[in-house]
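So the sequences go chain by chain: G and D.
The opening residue of the first sequence carries number 123 in this note's numbering; numbering runs sequentially from there.
The opening residue of the second sequence carries number 9 in this note's numbering; numbering runs sequentially from there.
Do not rely on the hints blindly, as some may be mistaken.
Unchecked claim - Below, a sample of chain G positions facing chain D; criterion: calculated Cβ distance under 10 Å:
no., residue
1, Q128
2, S129
3, M133
4, F134
5, Y157
6, G164
7, P165
8, D205
9, A212
To be verified - With a Cα cut of at most 27 Å, we get these calculated DSS-like pairs of lysine-lysine:
no., chain 1, residue 1, chain 2, residue 2
10, D, K70, D, K86
11, D, K24, D, K70
12, G, K226, D, K19
13, G, K226, D, K79
14, D, K19, D, K70
15, G, K226, G, K173
16, D, K19, D, K86
17, G, K192, G, K226
18, G, K192, G, K173
19, D, K24, G, K229
20, G, K226, D, K86
21, G, K192, G, K229
Simulated from the structure, these hints should not be mistaken for laboratory data.
Glycine included, C-beta positions come from ideal geometry on N, C-alpha and C.
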Amino acid sequence: GQQLNQSPQSMFIQEGEDVSMNCTSSSIFNTWLWYKQDPGEGPVLLIALYKAGELTSNGRLTAQFGITRKDSFLNISASIPSDVGIYFCAGQLRGGSEKLVFGKGTKLTVNP
Amino acid sequence: EAGVVQSPRYKIIEKKQPVAFWCNPISGHNTLYWYRQNLGQGPELLIRYENEEAVDDSQLPKDRFSAERLKGVDSTLKIQPAELGDSAVYLCASSSAYGYTFGSGTRLTVV
């Protein structure tokens, strides 16, 4: 099936550092989303992107929808300990109630 | 507003036994999804319902998995018989025009 290639697989950073992760696909997606998953919980939506080239911020998080519609990145600025978790990118071919195709996740560890 | 409610949170069963998971979506959400998340992977869709109709079940292993959404509200996902490879987290989600909401999942361990 379709897959999203997410990198890096894991990151170990110091509190206060900035973080960047990205996601690529061989297919065009019309919606890109970024989720965070804490242990024992379901994914929680962080940012949704609906237009190619769109740059959207949510507090310390910034995400961009690639101009080719085949990639997206997520930046976290000034990381804090509660940023620890697994971050997933997800795409939808068309949008709406269609299924989400997920990447394999980036596990973030923040050292105080 | 209550979120997507799933039960049980954890289940440990022996292989070849049956198991069932239950999901109560957010009120008013017509679309309901079951995803499976293997260890170290992202979730993958098993089945999607629009009201009580299954509109995408292409990834559901129909020889042992079944699902239903009677009356277009709650849903159950069943595995019979379970295999060792079915160990995973089973996530339910529901959606409206404003996006998806996932439940906390059921962690299934087959021994």
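Hint by hint, which ones does the structure fall short of?
-> 2, 3, 4, 8, 13, 19
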